[in-house]
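*Asks:* Residue-level listing of the chains:
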Amino acid sequence: NAGVTQTPKFQVLKTGQSMTLQCAQDMNHEYMSWYRQDPGMGLRLIHYSVGAGITDQGEVPNGYNVSRSTTEDFPLRLLSAAPSQTSVYFCASSRVTNQPQHFGDGTRLSIL
Amino acid sequence: KQEVTQIPAALSVPEGENLVLNCSFTDSAIYNLQWFRQDPGKGLTSLLLIQSSQREQTSGRLNASLDKSSGRSTLYIAASQPGDSATYLCAVSGGGGSNYKLTFGKGTLLTVNP
Numbered sequence: 001n002a003g004v005t006q007t008p009k010f011q012v013l014k015t016g017q018s019m020t021l022q023c024a025q026d027m028n029h030e031y032m033s034w035y036r037q038d039p040g041m042g043l044r045l046i047h048y049s050v051g052a053g054i055t056d057q058g059e060v061p062n063g064y065n066v067s068r069s070t071t072e073d074f075p076l077r078l079l080s081a082a083p084s085q086t087s088v089y090f091c092a093s094s095r096v097t098n099q100p101q102h103f104g105d106g107t108r109l110s111i112l
Numbered sequence: 001k002q003e004v005t006q007i008p009a010a011l012s013v014p015e016g017e018n019l020v021l022n023c024s025f026t027d028s029a030i031y032n033l034q035w036f037r038q039d040p041g042k043g044l045t046s047l048l049l050i051q052s053s054q055r056e057q058t059s060g061r062l063n064a065s066l067d068k069s070s071g072r073s074t075l076y077i078a079a080s081q082p083g084d085s086a087t088y089l090c091a092v093s094g095g096g097g098s099n100y101k102l103t104f105g106k107g108t109l110l111t112v113n114p
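Here the protein sequences come in this chain order: A and B. Residue numbers for the first sequence follow my numbering, beginning at 1 and rising by one. Residue numbers for the second sequence follow my numbering, beginning at 1 and rising by one.
It should be emphasised that the hints constitute simulated quantities derived from the structure, not laboratory data. C-beta atoms are modelled at their ideal positions from N, C-alpha and C, and glycine is treated no differently. Mixed in with the good hints there might be a few duds.
[Unchecked claim] In the DSS-like style, the derived pairs of lysine-lysine whose C-alpha atoms are separated by at most 27 angstroms in a straight line are:
{"hint": "1", "chain 1": "B", "residue 1": "Lys1", "chain 2": "A", "residue 2": "Lys9"}
{"hint": "2", "chain 1": "A", "residue 1": "Lys14", "chain 2": "B", "residue 2": "Lys1"}
{"hint": "3", "chain 1": "A", "residue 1": "Lys9", "chain 2": "B", "residue 2": "Lys106"}
{"hint": "4", "chain 1": "B", "residue 1": "Lys106", "chain 2": "B", "residue 2": "Lys1"}
[To be verified] Derived CB-CB ranges, DEER-like:
{"hint": "5", "chain 1": "B", "residue 1": "Ala9", "chain 2": "A", "residue 2": "Asn98", "range": "27 to 37 angstroms"}
{"hint": "6", "chain 1": "B", "residue 1": "Gly41", "chain 2": "A", "residue 2": "Asn98", "range": "38 to 48 angstroms"}
{"hint": "7", "chain 1": "B", "residue 1": "Ile7", "chain 2": "A", "residue 2": "Pro61", "range": "21 to 31 angstroms"}
{"hint": "8", "chain 1": "B", "residue 1": "Arg61", "chain 2": "A", "residue 2": "Asn98", "range": "21 to 31 angstroms"}
{"hint": "9", "chain 1": "A", "residue 1": "Met41", "chain 2": "B", "residue 2": "Thr58", "range": "23 to 33 angstroms"}
{"hint": "10", "chain 1": "B", "residue 1": "Gly16", "chain 2": "A", "residue 2": "Ser18", "range": "46 to 56 angstroms"}
{"hint": "11", "chain 1": "B", "residue 1": "Ser12", "chain 2": "A", "residue 2": "Thr70", "range": "40 to 50 angstroms"}
{"hint": "12", "chain 1": "A", "residue 1": "Gln57", "chain 2": "B", "residue 2": "Glu17", "range": "18 to 28 angstroms"}
{"hint": "13", "chain 1": "A", "residue 1": "Gly40", "chain 2": "B", "residue 2": "Lys42", "range": "11 to 21 angstroms"}
{"hint": "14", "chain 1": "B", "residue 1": "Asn18", "chain 2": "A", "residue 2": "Ser67", "range": "30 to 40 angstroms"}
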């Protein structure tokens, strides 16, 4: 039972590069989301999805893109990396609204 | 906009003490409240989830209470152990947004000394 799997665990990018953070869950959860965690700011919601084909913006969506073509996968794309996007990124999923959310172990991203 | 505050920001106690962590939120129209634990370099682990209609939830040595009208929740940890050392995060859903979207506090860093 893998739960929520995020890859890669660590990544260093140069300003202007693009990349995709992967998130996969094997629990058949409908709801998936991406958060970033920064010192002094806590966790903030970037984008979320309530099912395949449905996505919406969270609190800090600028500079990020998502799509949800399958129930299992919810990738997060950085279009043109900026130093302000240096952060730890967490993916989460849950089955329904009254069930706990499950988090991955995070991707630590540094933008130089 | 929902805001979640956790007090204290850090807490250090000797092993065996009972302790209380506090969480407050500005919009009482929440759907549920969750307490999470985060170990250094790791993701979040859900400890307890309280629905808006509930007053408390218990799991082992943990008890979480919810007073929605006053915008407050407490996490009570009985007989603390060094293994309880971690950051504890409070998060609420609803409160003007989707019932799935969580708004987090900044956490309480707990250290339990042997």
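*Asks:* Now look at each hint and say whether the structure bears it out.
*Replies:* Each hint tested on the structure:
| no. | hint | in the structure |
| --- | --- | --- |
| 1 | Lys1(B) to Lys9(A) | violated (32 angstroms) |
| 2 | Lys14(A) to Lys1(B) | violated (34 angstroms) |
| 3 | Lys9(A) to Lys106(B) | holds (23 angstroms) |
| 4 | Lys106(B) to Lys1(B) | holds (16 angstroms) |
| 5 | Ala9(B) to Asn98(A): 27 to 37 angstroms | holds (30 angstroms) |
| 6 | Gly41(B) to Asn98(A): 38 to 48 angstroms | violated (30 angstroms) |
| 7 | Ile7(B) to Pro61(A): 21 to 31 angstroms | holds (30 angstroms) |
| 8 | Arg61(B) to Asn98(A): 21 to 31 angstroms | holds (24 angstroms) |
| 9 | Met41(A) to Thr58(B): 23 to 33 angstroms | holds (31 angstroms) |
| 10 | Gly16(B) to Ser18(A): 46 to 56 angstroms | holds (52 angstroms) |
| 11 | Ser12(B) to Thr70(A): 40 to 50 angstroms | holds (45 angstroms) |
| 12 | Gln57(A) to Glu17(B): 18 to 28 angstroms | violated (43 angstroms) |
| 13 | Gly40(A) to Lys42(B): 11 to 21 angstroms | holds (19 angstroms) |
| 14 | Asn18(B) to Ser67(A): 30 to 40 angstroms | violated (48 angstroms) |
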